[in-house]
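*Asks:* Please model the entire structure based on the sequences and the hints provided.
Chains as they are written, first to last, in the numbering used here: chain A, 1 to 311; chain B, 1 to 686.
Just so you know, the hints here were simulated from the structure itself, not pulled from any lab data.
Errors might be hidden in some of the hints.
Unchecked claim - To give a feel for the contact side, a few chain B residues facing chain A, derived at Cβ under 10 Å:
1) F330
2) I376
3) A508
4) I637
5) A672
Glycine is no exception: its CB is placed at the ideal position from the N, C-alpha and C atoms.
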Amino acid sequence: MRVLGLVALLAPLMLAGCSVHDMVLFFPAGPMAASELHYTYLITGIMMVIIVPTLLMSIWFPIKYHISRQHKEKYTPDWTFSYAIEVLAWGIPLGIVAVLAWLSVHGIRGIDPWNPPLLAKIAPNAPVEEVDVIATDWQWVFIYPAEKLVTIDELTIPAGARIDLKLTATQNMDGFYIPQVAPMVDAMPAMQTKDTFLVSQPGDFTGFSTDFSGAGFSWMRFAVHAVSTADFAAWVQSHQGAAPLDYAAFDAHIAQPQVNYGATPSYFTLTDPKLFGEVISAAQMGKTYPVSQALNKAVADDDAAPVAGAQ
Amino acid sequence: MQVAIEGPWSPLFGRLTLDAIPYNNPIIVPTFIVAALAGLVAVGAVLYYKKLGYIWREWLCSVDHKKIGVMYIILGLVMLFRGYADGLMIRTQQAIAIGPNSPGFLGAKHGYLPPFHFDQIYSAHGTIMLIFAATPLLTGLGNVIVPLQIGARDMAFPYLNATSLWLTFAGAALVMISLFVGEFSSATWVGLMPYSEMASNPGVGVDYWMWAIQISSIGTTFNSINIIATIVKMRAPGMTWFKLPVFSWVQLTTAIIGLTAFPILTVALTMLGIDRYLGTHFFTAGMGGNFMLYINLFWIWGHPEVYFLVLPAFGVLSEVVPAFSRKALFGYPTMVAASFSIAGIGWMVWAHHFFTMGMGPNQIGFFSAATMIVGIPTGVKAFNWLFTMYRGRISYETPMLWAMISIVLLLIGGLTGMMLSASVIDYSVHDSVFVVAHFHCMVLVIGASAFAAVIFWWPKVFGFKLNETLGKWFFWTFIAGSLLVFVPMFMAGLAGETRRLDYVFNTALAPYMLWEEVGVLVYLASIFFFVAMLVVSLWQRVPAGESPWGTERGLEWLTRTPVPFYNFAVTPHVNALDETSWRREVGAALRPTRYVPIHLPHGSGLPFILGMDVFAWGFALTWRIDWLIVLTTIAMIAIVFIRSFDRNEGFIIPAEEVEAYEANISTASIFAEQPKRGHGLVGEAH
Ligand code: HEM
Ligand SMILES: [Cu+2]
Ligand SMILES: [Cu+2]
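*Replies:* If you want it as structure tokens, here you go:
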């Protein structure tokens with residue numbers, strides 16, 4: 001019965017087909033993603049110069065020189081070398097690769113997530129909002145050091161501000177990514193990486209992990225709300241007085257392996273300004289949050305007994 | 001001095017307990033029953049027809065490069081099927097588990113596989129397809145064809161060749177048994193780090209994965225040594241380097257990659273093993289460990305590995321396209337140069353697999369540009385195949401259909417590869433299904449070329465052709481399935497779908513997932529036609545004659561068809577790059593007129609026994625059964641000792657006997673049972 005229901009549910013979906021608007025990478029909402037898209041168009045376009053003719057040849061030659069047309073077409077069985085063709089065969093790809101490589105190097109320098117010259121150029125006076133990101137198994141923790149606020153699975157940021165992220169992880173490597181907005185950068189335990197971006201207009205997005213980190217990985221997503229500066233201040237205000245969080249509480253509760261199936265956000269007051277650094281040092285000293293087989297089996301399993309920590 | 005392990009351990013069984021056998025799993029139990037029944041039927045048939053002795057003597061003990069090659073290919077095809085079954089399960093899970101309201105079956109919250117199970121299937125799919133399907137298929141082809149193409153009697157080290165085969169089998173057997181005893185790795189085919197360490201992966205899954213790859217890659221390293229020695233030392237008189245056929249050239253480049261790259265993997269996995277068994281910290285996040293070292297080591301092997309796989313496919317295209325264009329290969333010298341360029345530059349690009357790991361723009365720029373440079377020789381190859389077709393006379397036999405689609409797929413895979421190598425684009429699609437679709441295009445090139453090769457050289461080995469009609473059905477259903485799976489996958493990548501998802505939270509992806517599901521089901525039809533093609537052709541066995549396609553060019557077609565176990569009755573003198581078509585053109589003799597005695601090695605059961613022993617060793621290590629580890633290690637050393645003191649120098653077939661075989665070639669074919677032969681005197685024979 002459930003299977004039938006499923007078919008009834010899915011059939012119209014399939015017929016509806018795929019809409020261009022689903023392909024979110026074509027709709028950037030900030031200069032970093034816009035630059036990525038710009039280079040996607042540029043590089044793919046230049047590649048077409050070589051791909052399209054080659055594709056046409058690979059279809060046209062087999063048809064034109066099919067054996068059934070042998071009386072109409074030339075046949076040169078021993079013609080096996082031509083300097084002119086070989087020079088072109090090496091030269092054209094060489095030329096195109098030279099252009100593409102230059103574009104690629106140029107492009108990556110512009111959006112270098114450590115400190116993108118692109119943002120410095122476009123929005124030199126944008127206010128800077130710092131957020132520290134910790135990927136746990138399997139949640140996202142966002143620390144706002146200036147606002148003394150910690151959120152889980154929600155990243156609210158002022159639109160128009162330059163967002164400076166520092167990233168790390170408690171135990172496994174995760175990929176931090178917000179399509180349309182922020183370049184993908186890995187969050188790694190015992191290490192710190194950086195990501196920098198800017199959202200042009202207020203809007204809602206979804207971020208998620210792109211690098212597999214275990215059973216709860218598929219549920220590692222977070223809501224991104226880019227809001228006006230005034231709304232941001234109001235949002236910060238509205239979470240004043242949330243439960244306090246220091247390293248001990250983080251270690252005992254938040255960092256423990258758990259899945260937040262609904263990605264429901266929660267909020268804390270940061271009482272330990274060095275929390276982010278402490279998480280990195282702890283990982284360097286060998287701190288791990290072991291995931292037992294029992295826990296692995298219990299994730300998203302209806303039959304399994306609920307595991308401590310899992311919601 | 002072992003690390004603390006989760007769960008019970010006993011001296012007799014190590015970590016193995018009854019709980020390790022998933023007797024209550026609704027998917028594994030039926031699979032086991034079907035597999036066990038099929039196994040019983042196979043064993044029963046062998047016993048009923050009294051073929052046990054035949055199989056032992058003529059196949060399991062064989063050191064004949066053709067039989068070894070055929071067994072490699074059979075292994076590859078079986079594992080291809082297993083890998084497909086995994087793919088079907090992955091796609092079905094992702095087609096159901098979309099959005100918070102998606103239903104759950106068989107105990108899963110969404111879909112029918114909880115992550116614990118799904119992640120294993122995902123990891124097994126990649127490991128199997130690359131290491132245990134594609135690699136054996138291509139190694140097998142090299143084994144069958146290279147000695148024939150260069151006019152040799154066998155590989156340089158026939159015994160080592162059999163050892164490589166059985167080591168690969170042992171690795172594959174470990175992967176297969178993990179289905180029924182314990183679990184497989186969930187750390188994907190690359191062994192994500194530090195995720196593969198004990199903290200996140202306390203079970204035996206990673207150990208299965210590690211030992212399976214470790215064992216089979218030692219087999220691959222041996223095989224590379226063998227291919228290099230064979231091509232360098234055993235070419236027939238007259239075959240100068242620039243008369244070496246392109247397929248053999250790429251086998252040489254591939255073997256150089258294999259010999260230099262696989263030891264890196266061996267070292268990386270050994271270090272991981274020491275971490276997991278002795279509690280060191282090479283690749284842990286803390287305690288001075290550096291998991292980025294593993295990621296680098298893995299890809300320093302991993303990227304050359306993908307060229308290790310695709311270069312033989314390019315070699316196949318360079319043989320099949322000329323044959324069915326009735327024209328010599330265009331640009332032979334630049335084809336050889338391009339192969340070496342690809343192999344060489346392939347060494348300098350590995351970091352493109354982790355552009356997002358926080359490298360600075362200058363390092364990224366270097367690896368990005370280097371990756372793009374690989375595109376140049378790849379493009380050269382495509383142009384040369386196209387100009388081979390230009391002014392040719394092309395016919396569309398199935399091998400040619402596969403070859404033509406390979407070129408198209410190569411263009412799509414190359415285009416998307418170039419996009420990914422621009423790191424500024426990669427920052428938006430890395431680890432998305434766009435990457436998955438990119439490399440599947442490339443892997444389809446490998447698959448398509450392997451099918452082209454199997455169909456093309458099948459009559460050479462077996463003496464009859466595969467059914468063309470069913471072959472074309474197989475082709476078209478396969479292509480339809482591929483389109484339906486991978487076009488939506490590219491689009492889903494642009495819609496921001498991450499890879500390795502057990503549950504797809506973005507409901508907008510549903511249509512893509514469903515089209516992919518349709519595609520993966522269409523593949524079922526292609527499997528049906530493939531099996532039908534094999535069965536019908538084996539049933540009919542229409543003799544193919546000496547020139548099955550009428551357009552053969554290379555030296556390998558100069559032996560009788562089917563090729564006798566001794567290959568060439570008399571080692572030929574080579575005059576041209578395309579020796580067979582050259583002899584036909586100038587009217588030179590195709591067959592020898594005078595026969596000479598032939599010297600061949602005896603078969604041996606030791607490689608097979610060694611393979612079984614290494615399998616037991618891997619199993620013992622996985623489950624940490626100490627006494628069995630010691631025992632199997634001693635047995636391994638003993639086998640090597642026994643072999644080292646073996647003075648058997650092979651046997652000699654007298655000239656008259658060779659003449660008799662040549663007159664009645666079926667008595668020397670791959671299926672024919674040969675009489676037991678005594679030890680001959682070496683020295684007079686060739
Ligand atoms: C023109 C040639 C090629 C270029 C420029 C190219 C480029 C790339 C790049 C940049 C990536 C990394 C993408 C990412 O993870 O974000 C990649 C991934 C990959 N490519 Fe290619 N590639 C080429 C040919 C091939 C070939 C011939 C094969 C193999 C047969 C191949 C197999 C793969 C595989 C298996 C991966 C993904 C590995 C993984 O993450 O699991 N590629 N390619
Ligand atoms: Cu790092
Ligand atoms: Cu690569």
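*Asks:* The structure should be examined with respect to each hint, and the outcome stated for every one.
*Replies:* Results for each hint:
At about 6 Å, the closest approach between the beta carbon of F330 of chain B and any beta carbon in chain A falls short of 10 Å, and the interface hint on this residue holds. Hint status for I376 of chain B: holds, given a least beta-carbon distance of 4 Å to chain A, under 10 Å. Checking A508 of chain B against chain A: minimum C-beta separation of about 4 Å stays under 10 Å; hint holds. Here the hint on I637 of chain B is broken, as its CB sits about 35 Å from the closest CB of chain A, past 10 Å.
Residue-level restraint check for A672 of chain B is violated (minimum Cβ-Cβ distance to chain A is 36 Å; threshold 10 Å).
Of the numbered hints given earlier, the model fails hints 4, 5; all others are met.
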